[in-house]
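J.: Single-letter residue listing:
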Amino acid sequence: MSATATRPSTDPATEAAATGTAADETRPSPLSAVVRSHAARKLAVLVVIAAVLVPLAHAKWASGSWPDALTVDVSEPLGKASDWIIDNRDSHWIFLYFFGHISNAVIICVRAVYVVLLTLGWAGVTAASTLVAWRVAGVRVAVTTLVSFAVCGLLGMWVPTMQTLALMAVAVTASVVIGGLLGLAGGLSERAFRALRPILDTMQVLPAFAYLLPVVLIFGIGVPGAVLATVIYAAPPMARLTALGLRGADAGVLEAVTSLGATWRQRLLSARLPLARKELLLGVNQAIMMALSMAVIASVIGGGGLGDRVYQALSSVDVGKALAAGLPIVLLAVVMDRTTASAGERLGEPPAEGGPRLLRGWPAWAGVGVITVVVTLVGRLAGSQAWPTGWTVPIEEPVNQFKDWMVDHLYTGVPVVGGTADWASDYVKWILDPLREGLQGLPWYAVLLIVATLAWLIGTWATALTATAAMAAIGVLGVWEPSMDTLSQVLAAVFVTLVLGFAIGIAAARSTRLERLLRPVLDVCQTMPQFVYLIPVVALFGVGRAPAAAAAIVYALPAVIRITTQGLRNVDPAALESARSLGATQGQQLRQVQLPLARPALLLAVNQGVVLVLAVVIIGGLVGSGALGYDVVFGLAQGDLATGLVAGAAIVCLGLMLDRVTQPTSRRDRKGA
Amino acid sequence: MARTRTQLLMAAAGVAAVFTATGCGAADMTKQTSPYANVGGAKSVTLSVQSWVGAQSNVAVAQYLLEHELGYRVDTVQVDEVPAWDALSQDRVDAILEDWGHPDQEQRYVKDKKTIVPGGGLGVTGHIGWWVPKYFADAHPDVLDWKNLNKYAKTFKTAESGGKGQLLDGSPSYVTNDKALVKNLKLNYQIVFAGSEAAQITQMKQFAKAKKPFLSYWYEPQWLFNQVPMVEVKLPKYTNKCADEGTKDPATIDCAYPTTPLQKYLNADFAKKGGKAAAFLKKFHWTKKDQNEVSELIASKGMSPQDAAKKWVEAHPDVWKKWLP
Numbered sequence: 001m002s003a004t005a006t007r008p009s010t011d012p013a014t015e016a017a018a019t020g021t022a023a024d025e026t027r028p029s030p031l032s033a034v035v036r037s038h039a040a041r042k043l044a045v046l047v048v049i050a051a052v053l054v055p056l057a058h059a060k061w062a063s064g065s066w067p068d069a070l071t072v073d074v075s076e077p078l079g080k081a082s083d084w085i086i087d088n089r090d091s092h093w094i095f096l097y098f099f100g101h102i103s104n105a106v107i108i109c110v111r112a113v114y115v116v117l118l119t120l121g122w123a124g125v126t127a128a129s130t131l132v133a134w135r136v137a138g139v140r141v142a143v144t145t146l147v148s149f150a151v152c153g154l155l156g157m158w159v160p161t162m163q164t165l166a167l168m169a170v171a172v173t174a175s176v177v178i179g180g181l182l183g184l185a186g187g188l189s190e191r192a193f194r195a196l197r198p199i200l201d202t203m204q205v206l207p208a209f210a211y212l213l214p215v216v217l218i219f220g221i222g223v224p225g226a227v228l229a230t231v232i233y234a235a236p237p238m239a240r241l242t243a244l245g246l247r248g249a250d251a252g253v254l255e256a257v258t259s260l261g262a263t264w265r266q267r268l269l270s271a272r273l274p275l276a277r278k279e280l281l282l283g284v285n286q287a288i289m290m291a292l293s294m295a296v297i298a299s300v301i302g303g304g305g306l307g308d309r310v311y312q313a314l315s316s317v318d319v320g321k322a323l324a325a326g327l328p329i330v331l332l333a334v335v336m337d338r339t340t341a342s343a344g345e346r347l348g349e350p351p352a353e354g355g356p357r358l359l360r361g362w363p364a365w366a367g368v369g370v371i372t373v374v375v376t377l378v379g380r381l382a383g384s385q386a387w388p389t390g391w392t393v394p395i396e397e398p399v400n401q402f403k404d405w406m407v408d409h410l411y412t413g414v415p416v417v418g419g420t421a422d423w424a425s426d427y428v429k430w431i432l433d434p435l436r437e438g439l440q441g442l443p444w445y446a447v448l449l450i451v452a453t454l455a456w457l458i459g460t461w462a463t464a465l466t467a468t469a470a471m472a473a474i475g476v477l478g479v480w481e482p483s484m485d486t487l488s489q490v491l492a493a494v495f496v497t498l499v500l501g502f503a504i505g506i507a508a509a510r511s512t513r514l515e516r517l518l519r520p521v522l523d524v525c526q527t528m529p530q531f532v533y534l535i536p537v538v539a540l541f542g543v544g545r546a547p548a549a550a551a552a553i554v555y556a557l558p559a560v561i562r563i564t565t566q567g568l569r570n571v572d573p574a575a576l577e578s579a580r581s582l583g584a585t586q587g588q589q590l591r592q593v594q595l596p597l598a599r600p601a602l603l604l605a606v607n608q609g610v611v612l613v614l615a616v617v618i619i620g621g622l623v624g625s626g627a628l629g630y631d632v633v634f635g636l637a638q639g640d641l642a643t644g645l646v647a648g649a650a651i652v653c654l655g656l657m658l659d660r661v662t663q664p665t666s667r668r669d670r671k672g673a
Numbered sequence: 001m002a003r004t005r006t007q008l009l010m011a012a013a014g015v016a017a018v019f020t021a022t023g024c025g026a027a028d029m030t031k032q033t034s035p036y037a038n039v040g041g042a043k044s045v046t047l048s049v050q051s052w053v054g055a056q057s058n059v060a061v062a063q064y065l066l067e068h069e070l071g072y073r074v075d076t077v078q079v080d081e082v083p084a085w086d087a088l089s090q091d092r093v094d095a096i097l098e099d100w101g102h103p104d105q106e107q108r109y110v111k112d113k114k115t116i117v118p119g120g121g122l123g124v125t126g127h128i129g130w131w132v133p134k135y136f137a138d139a140h141p142d143v144l145d146w147k148n149l150n151k152y153a154k155t156f157k158t159a160e161s162g163g164k165g166q167l168l169d170g171s172p173s174y175v176t177n178d179k180a181l182v183k184n185l186k187l188n189y190q191i192v193f194a195g196s197e198a199a200q201i202t203q204m205k206q207f208a209k210a211k212k213p214f215l216s217y218w219y220e221p222q223w224l225f226n227q228v229p230m231v232e233v234k235l236p237k238y239t240n241k242c243a244d245e246g247t248k249d250p251a252t253i254d255c256a257y258p259t260t261p262l263q264k265y266l267n268a269d270f271a272k273k274g275g276k277a278a279a280f281l282k283k284f285h286w287t288k289k290d291q292n293e294v295s296e297l298i299a300s301k302g303m304s305p306q307d308a309a310k311k312w313v314e315a316h317p318d319v320w321k322k323w324l325p
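Going down the list, the protein sequences come from chains A and B. Using the UniProt record's numbering, read the first sequence as starting at 1 and increasing by one per residue. Using the UniProt record's numbering, read the second sequence as starting at 1 and increasing by one per residue.
Chain A on its own, in the form it takes in the complex:
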């Protein structure tokens, strides 16, 4: 049932076509008539364009793949640029007076934070974090914080955790300041907003891997590059939410403030910013979460800390060690997420009246400071600043034994269902290979035409143009074949993700108990670093495209499940009630009321699924998924930045195209707003 129910939304083209033709004939409405004529008109225009251009293109460059005549070889100039940078890094003024200062400033800041954290020692850091969490987010979060830091120490990961925290603190501060300033500009000026929005939207859909190469090109391997990549990745959500918050301020309040004679600055400081504080805090929350996931990936370019431990563990197939380093990352994520989220929720409420006076306002903050200092001193007197060496619990061995057992028993020859290796080879043989051959065999103009049609049917001519141009750019860069390979992997994984995600989402929407069971699992899954997923899937599925797909599916599934469940839950109860009173069965209710009404949410799930899957399929280059991801890894590993940058650009284009082809909502928002 789930498969049939989900099919329409996996393929926007057939869906749009269906609404345009036979599907709505039984219940004609003004809306469907509009859709029909719109879709028909767009299709007619496209057919005309195709009729003119395709014969021309075919006559001139008849080939399945992108014609060589239309490619531009950029690897030569890029390679020269890279050599020039390495040779001139210690002499040219732009490095001496600009990048050098940035790089030094980053190092000084990270070092300063790291020194402070080490001076506080394990006792001080734990006490300070717990108390701050208690002040801004309440007792429950404070307990979570205490336990989390204790676990980081017990796993023997105290020093790497502090390194990651230091790097994060600097990166998050920079992201919040830069994002906030950009958002301020966007929130106050219509022109700035219109210029920023498409850029920010785009930056959010790009896989993290694509950001690494440009910074390595300029800053080389190391902490400065890692911090900057993290800032570039984490600032856009902050900017976006700030701008949206400022623009969403209640016009009546602003009017009232203006009529009271407030100056521009007073208006901004006393009305607009306070009104937007929920969005601002949500922005900080988003920036922190993005920064954490990037800080882990940045270990590929020498970021150090916990990410580096995961990376080192992966190179010796040590799932236990990877988990020991991955758990602190998850715990940090949970603590930071809960703290900022509860702080955001508490903002709206009036300050709690009860409780002794000393627990409120500045005396409480002063108390936090004093207790931290005391605990720090006690900790220092008691002994070492780093976590005491005896207090660690090794989990590597049991985890690895469990993994070995799984591999022994599940890899192949399991009765009835077959082993995981058999699944992997079936998936490659029956889904991936035909799809890849199909995509690579299609004439290039046909691919462009399909992209244009999908994007236009679901969006506007502008989105169609962007999508088609992005696709053409891939061809011009000369990486058509590997891009089609990556695309086939993405499409296949997205299909599986959606089938599973919608099925689980529908089940969770119908059963509160299942949803409650799923929620903590989904929370953890969404904050786990993508890296940690890679090795168990290699153990289960071998090397190649199948494990990359498995990791991508596991990574994208939580978001899809969540959006589907929420979308179905938010369906108007009255509509459901009336369907029930008309005697509709459970299945009928689902198919004819809930799913159609939840369509926007389902489309959003598709869009999110595509974006997340692409991100992991690219990282899958580390486990043999080949194609563009491999080119990026190769570029980073061999210092061959030309190859890496071209692949990175192609990934950007692919991400842009996939997003535009699956994202109708932004246009609708604008019309509605």
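One should not assume that every hint holds.
Incomplete in silico selection of chain A near chain B, CB under 8 Å [to be verified]:
hint, residue
1, Y114
2, G304
3, V428
4, Q638
These stretches of chain A come out as covered by chain B in the derived footprint (C-beta under 8 Å, 3 or more residues) [said to hold, decoys possible]:
hint, segment
5, 211-222
6, 646-657
Computed list of chain B residues with no C-beta within reach of chain A, every gap over 12 Å [said to hold, decoys possible]:
hint, residue
7, A84
8, S89
9, K134
10, Y135
11, H140
12, Y152
13, K209
14, V231
15, N240
16, P325
The set of hints was computed from the structure by calculation and includes no laboratory data. Glycine included, each C-beta is placed from N, C-alpha and C at the ideal position.
Start from chain A and add chain B according to the hints.
T.: Frame of chain A; chain B shown alone:
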């Protein structure tokens, strides 16, 4: 509006002030130590760890001795081979303990820029080649000559190799001529990159468990030989002529890989001012057998590199006593 303008001016002045404050002079990007180094007055050394286990053994033993015998704090950073040269040149790491030969980088950093100095040999010789499992070679001895490889292409076929035989390659960062070799020797093989050594080892172990045939890029010294015995396939003989042509145009290579004495490299400043640590790292010199002993403890006995290093150090004081300055 006038107000905003003054504010903008003030902001600009502020930015300028910050730049002045951070030092109006030039900032040298080639002298950037890791922010985590030398914190709290501790002497510290940053070592580059490459992703293969042999390199981890070098670093683990060096780390253990530096920490316990010489009183240093050691940071390790995992960097791929070529970027590690750049990081070494910028002083972000102090030493590379096992390099498999990178003539381009040597020319650039050691000879031209003089930011890196050679640290002597590691004492281990490395050899790259193509290998098949022993159980397969015993049953089909003629597979050991490259001329017969096409005959076995079908046998080595997998889902990923698209109708040709599969040549399993490891991490993209490793030195490899396999693409040129397959083309120039006209072999009906497809190179499948495992993506990382971890992935490659997992794959080889699984093949071995099912006693399936495979052909893989691999190298010595490597602990996996103790678990999965393998035999090398003979490629056309390595000659200086072939190597010279290969340096000019890597696409022309049609002979086997050389046998390389592995080298250590140090940052030039560190070599001068690094005191005992630098002297110790220059003297660090051991054998293939020693390295494999540590590697196997790490990789197959599941010991942490620290514990493995400790065990080796306790058992072989005669070897490492000579390294201490």
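J.: Hints first: check each against the structure and report whether it holds.
T.: A quick look at each hint next to the structure:
1. Y114: With a closest approach of 6 Å, the Y114/A hint holds.
2. G304: Hint on G304/A: holds, closest Cβ of chain B at ~6 Å, below 8 Å.
3. V428: With a minimum Cβ separation of about 4 Å from chain B (threshold 8 Å), the hint on V428/A holds.
4. Q638: This hint holds: Q638/A lies near chain B, its Cβ roughly 5 Å from the closest one there, short of 8 Å.
5. 211-222: holds (count 5)
6. 646-657: Since 0 is below three, the answer is violated.
7. A84: 8 Å, violated
8. S89: Violated: least Cβ distance 8 Å, not greater than 12 Å.
9. K134: 21 Å, holds
10. Y135: For Y135/B, whose nearest Cβ neighbour in chain A is about 18 Å away, the distance exceeds 12 Å, so it holds.
11. H140: 23 Å, holds
12. Y152: Non-interface label stands for Y152/B: nearest chain A Cβ at 20 Å, farther than 12 Å.
13. K209: 8 Å, violated
14. V231: 22 Å, holds
15. N240: Check passes; 25 Å lies beyond 12 Å.
16. P325: 27 Å, holds
Taken one by one, the earlier hints fail for this structure at numbers 6, 7, 8 and 13, listed in ascending order.
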